[in-house]
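Chains as they are written, first to last, in this note's numbering: chain A, 1 to 100; chain B, 1 to 629; chain C, 1 to 476; chain D, 1 to 492.
These aren't lab readings, by the way, just hints derived from the structure by calculation. One or more of the hints may lead you astray.
[Claimed, not checked] Capping the alpha-carbon separation at 30 Å, the derived lysine-lysine pairs in BS3-like fashion look like this:
#: 1; chain 1: D; residue 1: Lys-108; chain 2: D; residue 2: Lys-376
#: 2; chain 1: A; residue 1: Lys-88; chain 2: C; residue 2: Lys-347
#: 3; chain 1: A; residue 1: Lys-97; chain 2: C; residue 2: Lys-192
#: 4; chain 1: B; residue 1: Lys-159; chain 2: B; residue 2: Lys-27
#: 5; chain 1: B; residue 1: Lys-536; chain 2: B; residue 2: Lys-444
#: 6; chain 1: D; residue 1: Lys-296; chain 2: D; residue 2: Lys-376
#: 7; chain 1: D; residue 1: Lys-376; chain 2: B; residue 2: Lys-571
#: 8; chain 1: B; residue 1: Lys-444; chain 2: B; residue 2: Lys-540
#: 9; chain 1: B; residue 1: Lys-444; chain 2: B; residue 2: Lys-370
#: 10; chain 1: B; residue 1: Lys-364; chain 2: B; residue 2: Lys-444
#: 11; chain 1: B; residue 1: Lys-562; chain 2: B; residue 2: Lys-27
#: 12; chain 1: B; residue 1: Lys-159; chain 2: B; residue 2: Lys-370
#: 13; chain 1: B; residue 1: Lys-159; chain 2: B; residue 2: Lys-571
#: 14; chain 1: D; residue 1: Lys-376; chain 2: B; residue 2: Lys-159
#: 15; chain 1: D; residue 1: Lys-376; chain 2: B; residue 2: Lys-27
#: 16; chain 1: B; residue 1: Lys-159; chain 2: D; residue 2: Lys-296
#: 17; chain 1: B; residue 1: Lys-566; chain 2: D; residue 2: Lys-376
#: 18; chain 1: B; residue 1: Lys-364; chain 2: B; residue 2: Lys-571
#: 19; chain 1: B; residue 1: Lys-562; chain 2: D; residue 2: Lys-296
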Amino acid sequence: MNTTMEGLVLAGILFTLGLISMLIRRNIIFMLVSVEIMLNAAGLAFIVAAARWGQPEGQVMFMFILAMAAAEVSVGLALILQIYHQLKTLDSDEASKMRG
Amino acid sequence: MQWIYLIPALPFLGALLLVLTSRRISKRGVALIGCGSVGLAALVTIIAGLQFMQEGSTGYTQHLWDWVSIGTFRIGMDLRLDALSLAFTFVITFVGFLIHVYSTGYMTDDPDFARFFACMNLFVGAMLLLVLGDNLLLLYFGWEGVGLCSYLLIGFWYKDPANGAAARKAFIVTRVGDTAMAIALFLLVQHTGSLQLSTILARAQELWSVGDPTVVLIAFLLLGGAVGKSAQLPLQTWLPDAMAGPTPVSALIHAATMVTAGVYLIARTNVLFIISPSAQAAVAIIGAITLLLAGCSAFVQTDIKRVLAYSTISQIGYMFLALGVGAWSAAIFHFITHAFFKALLFLGAGAVIVALHHEQDMFKMGGLRKSLPGVFIIFLVGSASLAALPFVTSGFYSKDQIVWLAGAAVGGSAFYSLAAILGAFITAAYTARMVFLVFFGHEKTYVHHPPGPVMMVPLYILAVLSTLAGFVELPHTLGHLTLLSDFLSPVLPAVVTDHGSVALEWGMQGLTVALCAFAIWLAWRLLAAPFPAGLKEVLKNGWGFDDAYNVLFVRPFVQLAKINRKDIVDKLYTGLAMITQRFHRMMSATQSGILRWYVMGIVMGAVIILSVIIWRQYAGHVDIKMIQR
Amino acid sequence: MSASDLLSLLPLLIISGSAVIAILLVAIRRNHRVMHAFTVFAFICALVALYFQPYAVPYVIAPLFVVDAFALFNTGLILLAGLSVLFLSYSYFEQREERKEEYYILLLLATVGGMVLVISQHFISLFLGLETMSISLYGLIAYLRARERSDEAGIKYLLLAALSSAFLLFGMALVYAESGRMDFTGIGIYLKTLHAAPVAVVAGFGLMVIGVGFKLGIVPFHMWAPDIYEGAPLPVAAYIATVSKGSMLVLLMRFYRDINGYEYTILWWVFAIIAMASMFAGNWLALLQQNVKRLLAYSSIAHMGYILIAFLAGQEAGQEAVIFYLVAYVITSIGAFGVLALMSDEKNDAENLEDFSGLFWRQPWLAAIFTGMLLSLAGIPLTAGFIGKFYVVAAGVDAELWLLLVLLVINSVIGLFYYIRLVAIMFQPLPGPAVRRRMPFFGIFALSALMILLLWLGVYPSALITVIRDMMLTMG
Amino acid sequence: MILLAFILLPILGAFVAWLSSAVHRSAPRWVALLVMLAGLVLSAGLWWQVQDDVYFVGDHWLRTFELPWMPRFGISFSLALDGLSLLMVVLTFFLGALSVMVSWNEIKERVGFFHFNILFVLGGIVGVFLTMDLFLFYFFWEVMLIPMYFLIGIWGHANRTYAAFKFFLFTQAGGLLMLLSILGLYFIHHSLTGTFTFSYFELLHTQMPLEANRWLMLGFLIAFIVKLPAFPFHTWLPDAHTEAPTAGSVILAGLLLKTGAYGILRFVIPLFPEASHYFAPAIMLLGAIGILYGGKLAYAQTDFKRLVAYTSVSHMGFVLVGAFAFNALAYQGVVMQMITHGISTGALFMIAGSLYERLHTRELDRMGGLWPALPKMGVVTMIFVMASLGLPGLGNFIAEFLILAGSWQAAPWITVAATIGLVVATIYSLRIMQKVFFGSSQREYTLPDLSLREMLMMVPLIIAIIWLGVYPQPVINVASRAMPSVAIHSSK
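Please model the complete structure; the sequences and the hints are all you need to start from.
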């Protein structure tokens, strides 16, 4: 066993956790959080890969991921506020006016 | 000679004129056009006939134009005038003309005067085309044409649905026969590569040895056509119903001319029948059986026209019998005499019917010999001829010839002659019965308006003819005269007699005459006598052929049609559409609008893709150790 | 970064620059008309700049970008699509009360994202382009804040897009971890050296398929499409349907070519199954759909399936088919959404079938255009769609993908049903007298232009075909 | 060049007609009529020109025309005309003119758009008959549909939308299969010769493997027998015919169906001789089934137009039987059948239309006893009813006789079945007369008999049908000029 493998496995586990929590959580905020977890898991994977090849690109990528995640969260929270104003709840299942 | 095309053209022209000017011209004008066209045609025929005879030529063909010509397959609009067609043409035009004249009186107060004459002219034209056509396709043209006219005229009084039904029945039943005939034509095209009569008959002898299955098949199919048109077993059922039409129509179409088209066809294609003996035998047998069955039916009818209808069937049976035994000219002889006396009888009956204000039931008539003496006379003449009273009537000579040859000819046999004699007996019986019922006994009704000269003159002419026409052909026993058969000899092979002697012929004639006398006496006696009811019904309905056909063909067809009015095949497609919609509903359920559901979808996709990939890779034993390095 | 680099990136720079300027403009003074004019101007400038680009030779800006004929062509496509969307947007947003100006900023940014995607040849640039586009799209989708459907759509898109890009990223990470390269060509070279692709890489590709598939809206990553199309403002829907999908498709083609993905049967099968599923799901979902927006969404899913068939056909015929079909599809979609946009009023968008009944007798020109667009979607002759479908089928036959083709035929027939149904509704006799609505000039102008383009491509496609051909040849 | 004119005339005329509705509301009628008559004159003139050398050999193409269109695919705008196409074009303009006249009073609203569609569909049909480039052929094949769809869907009767859908989906499904086959042929030809081309002439003698040959043939065949329509695919026809406006029915029955027959003669048999011979028995069987089944259903119908529609199913069965008998007789018969059926059925639909104008019903059970009221119409109807039951002296007889005489040599038993169809035809045809004109009328009708306009429509039809019955030779001569390409494979 070497570090790359372990790192990737760890990332994988994180990713899966995020995924599962996204499936089981109904609260939109928590869903957002779990997406963030997944994104960071991906970021971790990049770090590991970069470490394996000793290249900077991986870290660069991670930076971008962070930035993007932040942006996403900000927009996301704004939208969540709107949703809350209208639905008076954060239950994602409530936000299903459109169907069929 | 080069204007024989006028013979069919004139009536067609008349019909066209009448259709175009139908409502605009007076009845007089209509009558003029209607009779005039046929009269002229008759005139032309007579002139052409005289010229033909004095030239002594075997036949004259006139090519009008190419009808259908594809490569080697060529069919022209060709008319051929020879002894046979001349004989028929003469009868058609002449009798036709008389009947037209008669009709002007008979139909005089009918609103659709013009339509009637248009159809009649059309019929005459088609019939002439039938007999003058030089190839079978042209013959078929006329063949179907007369079928159409018969349909139109039977259903002439369209207001009554029953007439319409009768008309359709006539057309459809004959069409069944025509279908057989059409197939015969296909066979001929295939094997002889032509429909030109002379070519076919010539090629036939080269192609086929006697009894060759192909030619037998062809002959049988042609016979099918003939049987349909001439109302012989098993397709005879339409003719009695056909009496729904005006009486002149019955006289012209369903007695004198159209129904004998079958006889003409077989006579025309005699070669084919000669080289297929079984088919020819079939002709004889059909003829024999038909003449007996129809005769019996005729004996119990109450409607005077139906009596005549059945007797027509029976008489044509005689002709078929003659054809079947190879007595070709005898058949034609009987055709001619029959044309005269049966037309006479129908027109006479018509006169009676008009006089009694469209009363057709004989049991409601009676004693008319006093009130309608003229009609009585001519009717008597006709009946005598039909019953074949010896020596003075044409019917006697023609029928006697058949009776004799039925046994004596090569193809003949004792059975045939027996049938013929028996037939003669029955004929005499029902004829006598008819005469007695109508003209003797005490009067049951009074005469509204006796027929005028327009109707009587043709009757007299026909009466004369149906007496004299017999003397063109005399049996060996009475000064052996053979004008007609000599005249026809270029076209029709002479009859060959093997067994039988003059003595025997004497004997048979004696027997026949005796039987006729006995029959008349019997008819007189039985007039009042009760008749076994069950049998009577059977006979009255023509041996129940109609019911049989209803059960076998008509009802199943109609039922099937009813059941499947809504095209079962369509269900297939509608079903398909329904399934599609179901599926749509199922699918749209997946679009629940719930976020986590969508996430689930994506995850599912991911899982499937990944598992497939990894499974594939391991299954493929790809080296994955590269990850550790 | 040299001058020539800047020059070759000029269109991109113009758009991004004008985005910044736009922000400033808003800060200075709000004016819808000015804003709109400015954005249009920006797009036109970008197009002009594009026109002067050296066409033939691929120009690489290591390591992120490559500017070649393919990229330029698609940049042009994106810009034109954006431009026509702009034309349709003005009247649409003018009617609505909210603050309209930011819309144009977001549109510009999204366009930047798309343009980056088509020229990117590196994971980083891919990611940047993708996210730039996505994040601005979140804003655009939820732009009409007053409508709850709009917000719902926004949040749905946000979460799902983030999720999908998480997959994409993880996939990239795997590939990177395995190959040590993040540029497409590099990965291609690396894979060439091996006799068989390692599972990690293939798995990585598999995960990336999810990210790509989400943006393309193909089964099973399609479920967002109808809701987003329904919730988003109509011009935005048009934009998503064309620019975001188009740029992603282009990226996929480039990536696939660089890593010569046709070697991996497993990927081929993945896409084949996705294609079939998309055709069926799309058409069957649209079959009896009552909401025109959703109907268009489903039909777009099906069309992505058709495009994938051409994509799978491989050889240059297939590539050409994809691009041609893409062009036809872009024209048609914008046209269709445009008609909807022009028909919408302040309260609600024209999206129910009833809104269209007897349209032909009320607004013949508009109805004629819509009919043209629908027939093009259905692939009826005289329209670009017909040539496109023909092209796709030809590619398929050439590659002998009989199964896929038969399915395509079946689905086209199903598809016909709902397109024709819509047409039939437009030609229904009117219940009452015809009330004509005044149509904004820009919108009609744009639509007419699209219509003419549609017919021109339908009757005489040779010109475009030759262009695409040359482009493909330069790519080698 | 004249060929291009044949196509452009209606299509440009279509737009003119549409625009002219702004001038005057009945202007489109005149425009359309003039266009059609002009086309008729042109095509008849062409016929007259080629009349002379009758029995000739060798190249049978009378006129050709070619323009490059999409060189990248080897698609060119190539037209060619031989005897068959010529006859079909003449027929198209003839019936086209009549269908304009027949809707003179029937169509009251959206006159302009109506005539636009009429002319456009006719243009498409002419295109189908003239084009010799398979892509172009498919193009026109599809172009025909949309206007026809509108004709049914906008001006049709009660159940029009359903009928229009059915028509459209059926034909489209067939068409797409044909597209697959066309492309398959295209690429096979390329793989064999290295040239990409859709040109009929070049694809004509492609030596392809047997399986491919059969599959591709089926693709074409299905498209055509759906349009024909043959037995299992016929169900769209009754609905379409019944619901369409009179002009629509006339064009459908008279021309659109013929495109199917034409396709079989022009493409299926020459392109895939082996496959055609391989499938011939099955196809002829389908034809025979169609004849009997169609006849039986026709008898069962109570709706005049629906009845006539089913008779077309029956009559088109003859085409199928004849086309696959592979001999000159049958071929000529098929051509005759295409023309005569166009005329007779067209006429019957016109009669149905004028009856509907007078009685406002198509139900046979609510007619009857109309003869005294409408004697002229009665005579006319009688003539065409007789034509449809194949009475000698009228064109249909020649057609059916030749077909059967030809097919007999190929398949006797099937021919027997088909011949029985004649009896069935008699049964349903006479039923029409009985139900409509004979019998006693429920109520005393006082109806206007055929107007001058209607006579102007009917008389040419009558003359034509009788002319074809007694002197079909000119048609046969012209049709024989398509023999090489069509019956060339008969000697197998």
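Here is how each hint holds up against the structure:
1. Of the supplied pair hints, the one linking Lys-108/D and Lys-376/D holds, its CA atoms being roughly 26 Å apart against a limit of 30 Å.
2. Note on Lys-88/A and Lys-347/C: the hinted pairing holds, with a Cα-Cα distance of about 23 Å set against a maximum of 30 Å.
3. Among the hinted pairs, Lys-97/A with Lys-192/C is inconsistent with the structure: their alpha-carbon atoms are about 50 Å apart, more than 30 Å.
4. The hinted pair formed by Lys-159/B and Lys-27/B meets the criterion: a straight-line CA distance of about 22 Å does not exceed 30 Å.
5. A threshold of 30 Å between alpha carbons decides the hint, and for Lys-536/B with Lys-444/B the separation of about 24 Å falls inside it, so the pair holds.
6. Distance check on the hinted pair: Lys-296/D and Lys-376/D sit about 29 Å apart at the alpha-carbon level, within 30 Å; holds.
7. Taking the CA atoms of Lys-376/D and Lys-571/B, the gap is about 40 Å. The hint is violated against a cut of 30 Å.
8. Only pairs whose Cα atoms come within 30 Å are accepted, and Lys-444/B paired with Lys-540/B is accepted, the gap being roughly 23 Å.
9. Of the pairs offered as hints, the one joining Lys-444/B and Lys-370/B holds, with about 12 Å between alpha carbons and a cut-off of 30 Å not exceeded.
10. Between the alpha carbons of Lys-364/B and Lys-444/B the distance comes to roughly 6 Å, so the proposed pair stays at or under 30 Å and holds.
11. A hinted pair counts as satisfied when its Cα atoms are at most 30 Å apart, and Lys-562/B with Lys-27/B does not qualify at roughly 45 Å.
12. At roughly 35 Å between alpha-carbon atoms, Lys-159/B and Lys-370/B are farther apart than 30 Å, so this suggested pair is violated.
13. Simply put, Lys-159/B and Lys-571/B have alpha-carbon atoms about 39 Å apart, too far for the 30 Å limit, and the pair is violated.
14. With a CA separation close to 17 Å, the supplied pair Lys-376/D and Lys-159/B stays within the 30 Å bound.
15. For a cut-off of 30 Å, the pair hint linking Lys-376/D to Lys-27/B stands: about 19 Å separates their Cα positions.
16. A distance of roughly 27 Å separates the Cα atoms of Lys-159/B and Lys-296/D; the hinted pair therefore holds under the 30 Å criterion.
17. Simply put, Lys-566/B and Lys-376/D have alpha-carbon atoms about 33 Å apart, too far for the 30 Å limit, and the pair is violated.
18. Between Lys-364/B and Lys-571/B, the direct Cα distance comes to roughly 58 Å. Violation of the 30 Å bound is thereby established for this hinted pair.
19. For the given pair, Lys-562/B sits about 10 Å from Lys-296/D by alpha-carbon distance, which is consistent with the 30 Å threshold.
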